[in-house]
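*Asks:* Residues in the sequence shown are numbered consecutively from 6, following my numbering.
Please note: incorrect hints may appear among the correct ones.
[As the list claims (entries may be wrong)] Calculated lysine to aspartate or glutamate pairs in the EDC-like style (CA-CA distance at most 16 Å, straight line):
| no. | residue 1 | residue 2 |
| --- | --- | --- |
| 1 | Lys-85 | Glu-75 |
| 2 | Lys-118 | Glu-75 |
| 3 | Lys-118 | Asp-152 |
| 4 | Lys-126 | Glu-90 |
| 5 | Lys-260 | Glu-307 |
| 6 | Lys-260 | Glu-282 |
| 7 | Lys-153 | Glu-141 |
| 8 | Lys-324 | Glu-252 |
[Unchecked claim] Distance windows between CB atoms, simulated:
| no. | residue 1 | residue 2 | range |
| --- | --- | --- | --- |
| 9 | Glu-252 | Lys-153 | 18 to 26 Å |
| 10 | Lys-118 | Glu-202 | 22 to 30 Å |
| 11 | Lys-153 | Ala-321 | 49 to 57 Å |
| 12 | Thr-195 | Pro-284 | 28 to 36 Å |
| 13 | Thr-195 | Glu-318 | 34 to 42 Å |
| 14 | Pro-284 | Val-113 | 19 to 27 Å |
| 15 | Ser-28 | Thr-195 | 43 to 51 Å |
| 16 | Thr-195 | Glu-247 | 20 to 28 Å |
| 17 | Ala-264 | Ala-15 | 28 to 36 Å |
| 18 | Pro-284 | Glu-252 | 20 to 28 Å |
| 19 | His-160 | Thr-190 | 46 to 54 Å |
| 20 | Ala-15 | Lys-85 | 17 to 25 Å |
| 21 | Glu-202 | Thr-108 | 18 to 26 Å |
| 22 | Glu-318 | Thr-108 | 36 to 44 Å |
Calculated from the structure, these hints are not laboratory results.
Values in this document were obtained by computation on a predicted structure and should not be read as measured data.
We treat Cβ as the ideally placed atom computed from N, Cα and C, and that holds for glycine.
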Amino acid sequence: MLAIPETKNALLSVRNLSVNFGSITAVADFSFEVREGETLAIVGESGCGKSTTALSILQLLPPLASCTGEILFASNDILKMKKRELRALRGGAISMIFQEPMTSLNPVLTVGKQITEVLRKHQSLDGRRARTRAVELLDLVRIPHPDKRFDEYPHRLSGGMRQRIMIAMAVACNPRILVADEPTTALDVTIQAQILELLDRLRRDLNMGLLLITHDLGIVNDWADRVIVMYAGRKCEEASTERFFREPRHPYTQKLMAASPNMIDPGYHYRDGPLSEIPGSINSALGEKGCPFAPRCGVVEERCRASVPSFREIAADHKIACVHYGQ
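Produce the complete structure using the sequences and hints provided.
*Replies:* Rendered as structure tokens:
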């Protein structure tokens, strides 16, 4: 686990966030903080609401979505910001890196044009100074021959280099918060490690808060300071990384770890033997009155189906939503 700086001021506070798509609730009563200079990881299987939560921070959800609660940044509620204020916030004080850079980068604009566009909008740099700064940023994210890559188009670059371009754009204005939504999923293992090392170095250099959205517990173990486990739009466990991997308590967390090769043995291969699986699907939580994980839980009791368990502290730096822990 990485060391957390002594100063741990909350840069972003999400309070009781709920996101609905018509009659479907994607995120329910979700709260967390991103602190200065730390990496907070949100983990869970596909469909649990991780990306929806990330997109809600910068209000990038489709018009169908409706958000309630509070998303506080610099004492301002992002949910109440006007479009002009949101445009100034996006890419400036808060930036986001998406999973697939090829669909995020504009294929008809050069790499340099896309970076300078960010700089000219948020920092009012003229063309010459914007170009100089863009080349510096390409060098910062360790792009070889940055002055030449400035004039390249995205399709001429590898997946790893495109992701570095996205990171350069995201940190161009020295953001206070960087949201990384599955930033290494489309990359091979070697490039994954390089990208994560780069993000961690930038987090330390800029003293920013990093919100890392992932389903890979191996990444969480190596790079995160705190962990939140999400299931069916709700928070079911939160702890420091060290305590999280030493004492996973929620039945869902335990099943996630049992299904992860990295948690069994770093050298484990799927051909070495079958992995544990979680029967059923996350869709079984739809319409569930009690604990959303109850239909798939191996230790479910009748009281689990009566009401949604409250989220409470069971030890220092460790919170959980489960009736088996003092509900």
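*Asks:* Work down the list of hints and note, for each, if the structure agrees.
*Replies:* Here is what the structure says about each hint:
Taking the CA atoms of Lys-85 and Glu-75, the gap is near 9 Å; set against the 16 Å cutoff, the hint holds. At roughly 35 Å between alpha-carbon atoms, Lys-118 and Glu-75 are farther apart than 16 Å, so this suggested pair is violated. A threshold of 16 Å between alpha carbons decides the hint, and for Lys-118 with Asp-152 the separation of about 13 Å falls inside it, so the pair holds. About 13 Å separates the Cα atoms of Lys-126 and Glu-90, which keeps this hinted pair within 16 Å; it holds.
Distance restraint check for Lys-260 and Glu-307: the Cα-Cα separation of roughly 20 Å exceeds the 16 Å cut-off, and the hinted pair is therefore not satisfied. Straight-line distance between C-alpha atoms of Lys-260 and Glu-282 comes to about 7 Å, which keeps the hinted pair within the 16 Å bound. A C-alpha spacing of about 12 Å is found between Lys-153 and Glu-141, which places the hinted pair at or below 16 Å, so the restraint holds. As the CA atoms of Lys-324 and Glu-252 are separated by approximately 12 Å, the hinted pair is consistent with the 16 Å bound.
At roughly 51 Å, the beta carbons of Glu-252 and Lys-153 sit outside the given window of 18 to 26 Å. Remark: the range hint 22 to 30 Å for Lys-118 to Glu-202 is upheld by a beta-carbon distance near 28 Å. Checked against the hint of 49 to 57 Å, the pair Lys-153 and Ala-321 passes, with Cβ atoms roughly 52 Å apart. As the Cβ distance of Thr-195 to Pro-284 is approximately 34 Å, the hint placing it in 28 to 36 Å holds.
Between Thr-195 and Glu-318 the C-beta distance comes to about 40 Å, which sits within the given range of 34 to 42 Å. Judged by the Cβ atoms, the range 19 to 27 Å given for Pro-284 and Val-113 is violated: they are separated by roughly 47 Å. The given range of 43 to 51 Å is respected by Ser-28 and Thr-195, whose C-beta atoms sit roughly 44 Å from each other. A C-beta distance of roughly 27 Å is found between Thr-195 and Glu-247, which places it inside the suggested range of 20 to 28 Å.
Between Ala-264 and Ala-15 the beta carbons are some 32 Å apart, a value that agrees with the proposed interval 28 to 36 Å. Pro-284 and Glu-252 have their C-beta atoms about 24 Å apart, which keeps the hinted 20 to 28 Å range intact. Separated by about 20 Å at the C-beta atoms, His-160 and Thr-190 break the suggested range of 46 to 54 Å. For Ala-15 paired with Lys-85, a C-beta distance near 19 Å keeps the hint of 17 to 25 Å intact.
Here the CB-CB span from Glu-202 to Thr-108 is close to 24 Å, well matched to the stated 18 to 26 Å. Against the hinted window of 36 to 44 Å, the Cβ-Cβ separation of Glu-318 and Thr-108 comes to about 40 Å, which satisfies the hint.
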